[in-house]
Amino acid sequence: MNPAISTDIAAQLIALLAVLMLVVQLLLVVQRMLLTSIRLFAVQSMFLAGIAAVVAFFHGAMHVYIVAGLTFIGKVMFLPWLLDRQVRRMRIGQEIEPLVNFPTSMLTCGGLTLLGYIVARPFTSLERLGNNTLAVAITLVLTGIFLMFNRRKAITQVLALLTVENGVMLAAVALTTYGMPLVVELGIFFDVLVAVMVLAILVYRIRESFDSMDVGKLTQLKG
Amino acid sequence: MDQFSPILLNLGLLGYVLGALAGLVFFRRSRAANLGAFGCAAAAAACTGLACVHALLTGAATDAGSTRLVPTLVPYVQFTVCLDPLSCFFGLILSLVALALSIYSLGYARGYYGRKSVGVLGAFYNVLVLATTLVFLSDNAFFFLIAWEIMALSAYCLVSFEHEQNETRNAGVLFFVMSHIGTGCLILGFLLLFQASGGYGFAGFHALGDKMAASPRNAAFLLFLVGFGVKAGLVPLHIWLPAAHPVAPSNVSALLSGVLIKTGIYGLARVLFDFLGTPPNWWGVTVLGLGTLSAVLGVLYALMQHDLKRLLAYHSIENIGIILMGLGAALMFLHTGHPVLASLALVAGLYHTINHAVFKALLFLGAGAVVHAAHTRDMEEMGGLAKRMPHTALFFLIGAVAISALPPLNGFVSEWLVYQSLLQGFGTTSSLIRLMFPLSGAMLALTGALAAACFVKAFGITFLAQPRSTHAAQAREATPTMLLGQGLLAAACVFLGLFPTLFLKVLDPVTRQLAGPALSTQLSLANGLVLSGATPGGGSVSTLGLTAAAAGLLLVPFALWLVYARRTRVRLGPTWDCGLQGLTPRMEYTATGFSKPIRMIFKALFRPRREVQREYDFSPYFAKTLRFESHVEELFLTRLYRPLYGAVWQASRRMRALQAGSLQAYLIYIFVILLVLLLFAL
Chain B
0 MNPAISTDIA AQLIALLAVL MLVVQLLLVV QRMLLTSIRL FAVQSMFLAG
50 IAAVVAFFHG AMHVYIVAGL TFIGKVMFLP WLLDRQVRRM RIGQEIEPLV
100 NFPTSMLTCG GLTLLGYIVA RPFTSLERLG NNTLAVAITL VLTGIFLMFN
150 RRKAITQVLA LLTVENGVML AAVALTTYGM PLVVELGIFF DVLVAVMVLA
200 ILVYRIRESF DSMDVGKLTQ LKG
Chain G
0 MDQFSPILLN LGLLGYVLGA LAGLVFFRRS RAANLGAFGC AAAAAACTGL
50 ACVHALLTGA ATDAGSTRLV PTLVPYVQFT VCLDPLSCFF GLILSLVALA
100 LSIYSLGYAR GYYGRKSVGV LGAFYNVLVL ATTLVFLSDN AFFFLIAWEI
150 MALSAYCLVS FEHEQNETRN AGVLFFVMSH IGTGCLILGF LLLFQASGGY
200 GFAGFHALGD KMAASPRNAA FLLFLVGFGV KAGLVPLHIW LPAAHPVAPS
250 NVSALLSGVL IKTGIYGLAR VLFDFLGTPP NWWGVTVLGL GTLSAVLGVL
300 YALMQHDLKR LLAYHSIENI GIILMGLGAA LMFLHTGHPV LASLALVAGL
350 YHTINHAVFK ALLFLGAGAV VHAAHTRDME EMGGLAKRMP HTALFFLIGA
400 VAISALPPLN GFVSEWLVYQ SLLQGFGTTS SLIRLMFPLS GAMLALTGAL
450 AAACFVKAFG ITFLAQPRST HAAQAREATP TMLLGQGLLA AACVFLGLFP
500 TLFLKVLDPV TRQLAGPALS TQLSLANGLV LSGATPGGGS VSTLGLTAAA
550 AGLLLVPFAL WLVYARRTRV RLGPTWDCGL QGLTPRMEYT ATGFSKPIRM
600 IFKALFRPRR EVQREYDFSP YFAKTLRFES HVEELFLTRL YRPLYGAVWQ
650 ASRRMRALQA GSLQAYLIYI FVILLVLLLF AL
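For the protein sequence lines, the chains are B and G, in the order given. Counting from 0, one number per residue, gives the positions in the first sequence under numbering that gives the first Met the number 0. Counting from 0, one number per residue, gives the positions in the second sequence under numbering that gives the first Met the number 0.
Bear in mind the hints are in silico, worked out from the structure with no lab data behind them. Mixed in with the good hints, there may be bad ones.
Stated by the list, open to error - Just a few of them, taken from the derived set where beta-carbon distance is under 10 angstroms, the chain G residues facing chain B:
{"#": "1", "residue": "H205"}
{"#": "2", "residue": "Y665"}
{"#": "3", "residue": "L666"}
{"#": "4", "residue": "L678"}
{"#": "5", "residue": "L681"}
Where is the CB? At the ideal position from N, CA and C, for every residue including glycine.
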C-alpha cells in the first residue's frame, strides 16, 4: 500500500473514532439509567482500543497492540462487568439524579467542548495522528470532571473518573507516534484497574454504613 | 596534608553511629544498652575532641580542605565536612561537653532501668550528638540543613522522652513548632545566598555579602537572625527554651543547654562574620541590643523560678545574651574598621560560649543528680542536701560561682573580656550610637549582680539548711560515674578560669579567620600569668594572682587564731531559736520569699499576682489553714504569643469553611482551578 495513502486513512480513522468517543461522552452526560451508562462507557473504551489498534497497525508498533488488547480486556470487558455486578448486587436504584438538570448539563458540556478546542489549537502541529484528537482528549477530561461533581451516587463518580482516564489515554496515544513507553502505559492501566477495584469496595462500604450511595452524606464524617 | 584530624574525626563519627546502633540492638536489655550507647558516645567524643584540638593547635585548620563523608547522587548536595577554625572550636565545645555527659549518663540512665527504654534514650542521644557535630562541621548548605533537621528531630524525641506527662508533651510540641519556624527562615536565607553565589558550598559563600545588593543582604541577615535566634533562645524567640529544658532527662537538658543552643551562635558567627561581608552599622546595633535584652530579661525571669531546672534554662537565655553582646560589639567594630577590637569582642563572645557550655552543663548535671535524689524539681521541697550529697554540692557550687561571674572561675574571665571590649568601644565612633556601649556594659553589670543573687538562692535553698521534704531528707549521694562527669566539667571550669591565656591560643586561628588579627600574645602579660585588655587603654587582671592573694589572706585569720585565741575555750550550742521549741524546716527562708524584693522592684515587668486564703475559727491571728499562691506574668507569652496564637486559630477556623466535607465541593474546586489555568494559558 502507498505509505502516504495509508497514513491518510489512519488519520481519518482515528479522527472518526475520537469523535465517536466524544459523542458517547455527551450521551453519558444525559443518560438517566445507570446500567446503560456503564455500557456506554464500555463502548467508549472500545473506540479507544480501536484507536490504539489503528496506531499499531499503520505504524507497525507492536507494543501498542498490547495497549489495545489490555484496554479491550480491562475497560471493555472486566471493569464494566465488575461495575454491573456491583450495581445489581447492591440493588441500587437505576435512576441517576444529577445536581444540574440535563439541558443545562448539555449546554455546559458544549461550552467545555468549545474550550477544549480553543485550548488545543496552538498544539495541533504537535499531533502526529488524526485531527483534533488532542481537543477531544481535553474535552473528555473536562466533561469527565464535570460529570464527577454532577452526580450524587458514588458509582457514577467512579464511571466519570474512568472517562477522564480515557481522555488521558487518548492524548497519550494521539500525541506520540508510538504511544508512551509500554511501561508507563502498563503503569497507568494497572493504576486505574486497582483504583476502581478499591473504589468499588469503598462504595460498598459507604452503602453499608450510610444506607445510601449519596456522597453528600459523607459530610457527616466531618468532625 | 595532615591526615591525623580527619581520620580521628571519622573514627568519632563512626563511634556515634555504633553507639546509636548499640542502643537499638539492645533495645530490651537496659544494662547492655546503657554501656554500649553511652560508652561508644564517650569514646567518640574523645576522638572528635582530639581531632578538633589537634587541627586548631597545629594550624591545620587554617587551610583545611573539604573531606567527603559519603558519595552523593544528587547535584548540589555534597556530604562534605571541613575542619576550619570556627567549626573546630565549636566541635571542641561539643566534644568536651559530650564526653562528660556520656560518662555521667552511664550512671544517670540507671534511674530508668525497668521504667523506660534506656536503649531508645541512648540511641537518640547518639544521633543528637552526631547530628550536632555534623552541623558544626558541614560545609555545604544542604548537608547543614539536613544535619540541622536531624538534630531538631532527635532533640524533640529526647525532650518528649518522658511523654507520659502532659507538660512534657506540650513542651515537645512547642519546641517542634518553634524549631521549624526557625528552619523555614534558614532555608529562605540559604536560598538568597544560593542566588548570589550559584552553589551551596560554604567555600563559595565566603565574603559573599560584599557582592550582594543591599536589600537581599539585609533580608538574609534578618532571616538568619530569626532562624538561628530561635535555636539560640534569643528574646523574644526564647519561649520554647524554659519549657523544653526542664522536662527533658537531665543529661539531655545539659546537652540542649550546653551545646544545642550554641548551634545558633555558631550559625550567627558563621553567617555574619564569614558569609555576609562587612556589616552595616545597624546589624551590630541590633545584635548588641537583642543580646542585652536577652541577658537582662533572662536573669530577671530566672530569679522568679523555683523549679531548679527551669531556673537554669532561663539562665541559658541570659548567657546567650552575653555571648551575643560580644558578637554584636565585634560587628560594630568591624563596621567602624577596628579589627583589633573586633577580635577582642569576638574572643570575648566565643570564650563565653565555651564557658557557658561547660558551667551550664555542669549545673544541669548537678540539678539532675539533685532531682534524681529528691524526686522533685521544686526547690521549695529540697534543702539540706549539702550534708547528704557533699560532692554534688561542691560541684554545683563551682558551677554557681562560675556562672555568677565571680573570680577566679571562667565566667568571670569571659565577662571581663566582654566588659573590656564594650568599654573600649566608646571611643571608636563619634556618633550617638556609641552610647550603646556603656549602656550595655551597665546592663551586663546588672545581669551579673542578679545572676549572683539568683545562685545564692539556688544553692542556698537547695543545698543548705534543713530538708523540707522526706525525699530530700533521704537523699543519697550520686553514683561515681555521675560524679566523675560533673568533676570533669568542674575541672574544666577551674582550668578555663585560672589559665585563660593558655586557652586563648586555641582561639587565634578563629579570630584570624573571622575578624583579623590573632590576639593571644597581646592579651597575655607576664608570661601568660596576667590577662590584659589588648589595647593600651584596657585593664588587666590575673585570676591566678587573685587566687594566690586569697589563699594568702586566708593565712591571716589562722595567724590571728594562733596568736590570740589558742587558749580560749570552744563552746558548742544550738542555733538561737527565739525561745521556740527547736528549729523546723517550716521556719526556713523560701525561694519565693528570697526573690520577693526583686519581684517588687521590677513590679512593672513581672506584674505579680497573689492569692491568700485564710481559714480561722475565732480570730484572724490564729489561722487554721493558709493557702498562698503567687504568679508572675511572662510578658512575651501573654502579650505576644497568646494573641498571635489566637489570631492564627481564628484564621484557621475561617479557612475550615472551605473544607466542607462534601465530595462535590472538592471536585468543583479542582474543576474551577483547572478551568482558570486553561483560560490563563490562552
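* Holds or violated: is the Cβ of L681 of chain G closer than 10 angstroms to a Cβ in chain B? -> holds (7 angstroms)
* When the nearest CB of chain B is found for L678 of chain G, is that gap smaller than 10 angstroms? -> holds (8 angstroms)
* Asked: Quick one, is the H205 of chain G hint okay against chain B at 10 angstroms, beta carbons?
  -> With a closest approach of 46 angstroms, the H205 of chain G hint is violated.
* **Restraint check, 10 angstroms cut-off on beta carbons, for Y665 of chain G near chain B** => Since chain B brings a Cβ to about 8 angstroms from Y665 of chain G, closer than 10 angstroms, the hint holds.
* Asked: Does the nearest C-beta of chain B fall within a distance shorter than 10 angstroms of the C-beta of L666 of chain G?
  -> Result: holds, 4 angstroms to nearest chain B Cβ.
When held up to the earlier numbered hints, the structure conflicts with hint 1 and nothing else.
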